[in-house]
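The listed protein sequences derive, respectively, from chains A and B. Residue numbers are given in full-length UniProt numbering: position 14 of the first sequence equals residue 14, and the series is strictly consecutive. Residue numbers are given in full-length UniProt numbering: position 8 of the second sequence equals residue 8, and the series is strictly consecutive.
Please keep in mind that the hints were generated in silico from the structure rather than gathered at the bench. Check the hints yourself; a few may be wrong.
A pair holds if it fits inside one copy or across any two, identical chains being indistinguishable in the list.
Using 27 Å as the maximum straight-line C-alpha spacing, the simulated DSSO-like pairs for lysine-lysine come out as follows [unchecked claim]:
{"no.": "1", "residue 1": "LYS5", "residue 2": "LYS23"}
{"no.": "2", "residue 1": "LYS58", "residue 2": "LYS5"}
{"no.": "3", "residue 1": "LYS41", "residue 2": "LYS5"}
{"no.": "4", "residue 1": "LYS32", "residue 2": "LYS5"}
{"no.": "5", "residue 1": "LYS41", "residue 2": "LYS3"}
{"no.": "6", "residue 1": "LYS32", "residue 2": "LYS58"}
Just so we're clear, the structure is a prediction, and the values are computed from it rather than from any experiment.
There are 2 protein chains.
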Amino acid sequence: MKKVKVYITLRESVLDPQGQAVKDSLHNMEYKNVQDVRIGKFIELELDDTADIDTQIKEMCEKLLANTVIENYRYEIEEGVMQ
Amino acid sequence: MKKVKVYITLRESVLDPQGQAVKDSLHNMEYKNVQDVRIGKFIELELDDTADIDTQIKEMCEKLLANTVIENYRYEIEEGVMQ
């Protein structure tokens with residue numbers, strides 16, 4: 001069994017209104033030292049190991065998990081199951 | 001300047017309908033080896049360093065970024081700015 005951690009983030013050039021809203025809220029809560037906030041997705045997958053696991057994960061990311069027009073993705077493969 | 005990576009995940013005991021829907025979609029795409037999917041948030045913060053930065057980040061997570069009734073959070077502090 002493999003555990004895969006996928007990080008999906010907006011491309012630098014893409015505006016992040018959600019991040020902006022969170023930044024404004026943090027400023028209203030007096031955390032004035034916050035300069036920037038970017039919101040992304042963190043997806044944990046548990047899957048049976050296969051010979052082409054890297055190819056598979058790239059396909060899953062590019063076909064379903066990430067919108068590659070506006071998002072970047074990266075992933076890490078670990079042994080074992082989710083905690 | 002410090003860069004903080006915050007990972008927000010649903011508590012184990014909490015049902016993850018979004019994760020279930022993604023799992024079903026992956027199975028429909030013939031990725032039958034996927035056993036479980038959990039969807040969380042990945043938040044990147046850029047903030048000016050302060051003496052009590054750990055306390056500050058915990059407060060931000062517990063007051064705004066995470067719903068601690070159903071979510072866990074963890075974070076990593078790094079030097080420098082977001083790529």
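Hint check:
no.: 1; hint: LYS5 with LYS23; result: both (26 Å within a copy, 15 Å between copies)
no.: 2; hint: LYS58 with LYS5; result: both (12 Å within a copy, 23 Å between copies)
no.: 3; hint: LYS41 with LYS5; result: both (10 Å within a copy, 12 Å between copies)
no.: 4; hint: LYS32 with LYS5; result: between (32 Å within a copy, 18 Å between copies)
no.: 5; hint: LYS41 with LYS3; result: both (16 Å within a copy, 17 Å between copies)
no.: 6; hint: LYS32 with LYS58; result: between (39 Å within a copy, 16 Å between copies)
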